[in-house]
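Asks: Sequence:
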Amino acid sequence: MKPVTWLASMAVGVAALASSAFANTLEGWSTDLEKALETAKKENKAVLVEFTGSDWCPPCIMMRKEVFSKKEFVKAASKNYILVEIDMPRDEKLKDVKEKNTPIVEKYNIDGFPTVVLLDSSGKEFTRFYATEHPKIDAFLAHLDASLEKKDLD
Numbered sequence: 345m346k347p348v349t350w351l352a353s354m355a356v357g358v359a360a361l362a363s364s365a366f367a368n369t370l371e372g373w374s375t376d377l378e379k380a381l382e383t384a385k386k387e388n389k390a391v392l393v394e395f396t397g398s399d400w401c402p403p404c405i406m407m408r409k410e411v412f413s414k415k416e417f418v419k420a421a422s423k424n425y426i427l428v429e430i431d432m433p434r435d436e437k438l439k440d441v442k443e444k445n446t447p448i449v450e451k452y453n454i455d456g457f458p459t460v461v462l463l464d465s466s467g468k469e470f471t472r473f474y475a476t477e478h479p480k481i482d483a484f485l486a487h488l489d490a491s492l493e494k495k496d497l498d
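Following our numbering, the numbering of the sequence shown begins with 345 at its first residue and continues without gaps.
Since the hints were made in silico from the structure, they are not lab data.
Virtual Cβ for every residue (Gly too), placed ideally from N, Cα, C.
Some hints here could point you the wrong way.
What the hints assert, rightly or not - Pairs of lysine to aspartate or glutamate residues, derived as DMTMM-like cross-links and limited to a Cα-Cα distance of at most 20 angstroms, are as follows:
| no. | residue 1 | residue 2 |
| --- | --- | --- |
| 1 | Lys414 | Asp482 |
| 2 | Lys444 | Asp455 |
| 3 | Lys494 | Asp482 |
| 4 | Lys444 | Asp376 |
| 5 | Lys468 | Glu371 |
| 6 | Lys480 | Glu378 |
| 7 | Lys385 | Glu450 |
| 8 | Lys451 | Glu378 |
| 9 | Lys480 | Glu469 |
| 10 | Lys389 | Glu416 |
| 11 | Lys389 | Asp464 |
| 12 | Lys451 | Glu436 |
| 13 | Lys379 | Glu450 |
| 14 | Lys423 | Asp455 |
| 15 | Lys451 | Glu371 |
| 16 | Lys414 | Asp489 |
| 17 | Lys379 | Asp482 |
Unchecked claim - Cβ-Cβ distance ranges computed for the label pairs, FRET-style:
| no. | residue 1 | residue 2 | range |
| --- | --- | --- | --- |
| 18 | Lys409 | Gly456 | 12 to 20 angstroms |
| 19 | Asp496 | Thr375 | 45 to 53 angstroms |
| 20 | Leu497 | Glu436 | 44 to 52 angstroms |
| 21 | Glu493 | Glu436 | 21 to 29 angstroms |
| 22 | Lys495 | Glu436 | 19 to 27 angstroms |
| 23 | Pro447 | Leu497 | 30 to 38 angstroms |
| 24 | Leu438 | Glu493 | 33 to 41 angstroms |
| 25 | Thr369 | Pro402 | 28 to 36 angstroms |
| 26 | Ser422 | Lys494 | 17 to 25 angstroms |
| 27 | Arg472 | Lys409 | 29 to 37 angstroms |
| 28 | Asp376 | Lys439 | 29 to 37 angstroms |
Construct all of the structure, not just a fragment, from the sequences and the given hints.
Replies: Here it is, written out as structure tokens:
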């Protein structure tokens, strides 16, 4: 297969995966950071904000498929965190989502995707990392636990 043909087939495959994988919001996740912060205060939890490019970012698509969409992850992470997805799609049909989320991406100075920002219940950031640093559920959860413990020691 010629490199150009291979690249085109990969692009079509990623687009198909993105459209099916990101057809709706993940169960257990919010898309409203302000409401999530209100809930975090009430429940005395931290907030996990995942910044993603749902329809164009292969590492984002992989993390959603392998970690973020899994009930095991959502159940365990939700014990200590309110989960929020901030999407920056390129699809024109999702222009409203991108426009709504652009100020949040700018506020947190996001320079790559998928980035995870952890906030305390008052909205203060205590750590950030690229989600792909922890591509398996157990490793990701262990990192979340360690981050929370470190925050509590500071």
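Asks: Regarding the pair Lys385 and Glu450, is the alpha-carbon distance no greater than 20 angstroms?
Replies: violated (24 angstroms)
Asks: Keeping to a limit of 20 angstroms between CA atoms, is the pair of Lys414 and Asp482 held or broken?
Replies: holds (12 angstroms)
Asks: So does Pro447 sit 30 to 38 angstroms from Leu497, Cβ to Cβ?
Replies: Since the Cβ atoms of Pro447 and Leu497 sit about 32 angstroms apart, the hinted range of 30 to 38 angstroms holds.
Asks: Are Lys494 and Asp482 close enough, with their CA atoms no more than 20 angstroms apart?
Replies: The hint holds at about 18 angstroms.
Asks: Take a quick look at whether Lys451 and Glu371 sit within 20 angstroms of each other, Cα to Cα.
Replies: Between Lys451 and Glu371 the Cα gap is close to 26 angstroms, so the pair fails against 20 angstroms, i.e. violated.
Asks: Is the distance from the Cβ of Glu493 to the Cβ of Glu436 consistent with 21 to 29 angstroms?
Replies: Given about 43 angstroms between the Cβ atoms, the range is violated.
Asks: Mind checking the hinted window 19 to 27 angstroms against the Cβ distance between Lys495 and Glu436?
Replies: violated (39 angstroms)
Asks: Taking 20 angstroms as the top limit, are the C-alpha atoms of Lys480 and Glu378 close enough?
Replies: Judged against 20 angstroms, a Cα distance of about 28 angstroms means the pair is violated.
Asks: Sort out whether Glu450 lies within 20 angstroms of Lys379, counting only the CA atoms.
Replies: This hinted pair holds, its Cα atoms lying about 19 angstroms apart.
Asks: For a C-alpha distance cap of 20 angstroms, please report whether Lys451 and Glu436 respect it.
Replies: Given pair Lys451, Glu436 is violated - Cα atoms ~23 angstroms apart, limit 20 angstroms.
Asks: Measure nothing beyond the straight line between the CA atoms of Lys423 and Asp455; if it is 20 angstroms or shorter, mark the hint as holding.
Replies: violated (28 angstroms)
Asks: Given the hint of 44 to 52 angstroms, is the C-beta distance from Leu497 to Glu436 inside that range or not?
Replies: Hint holds: Cβ distance 46 angstroms, inside 44 to 52 angstroms.
This entry does not satisfy hints 5, 6, 7, 9, 12, 14, 15, 17, 19, 21, 22, 25, 27, 28, going by the numbered hints stated previously.
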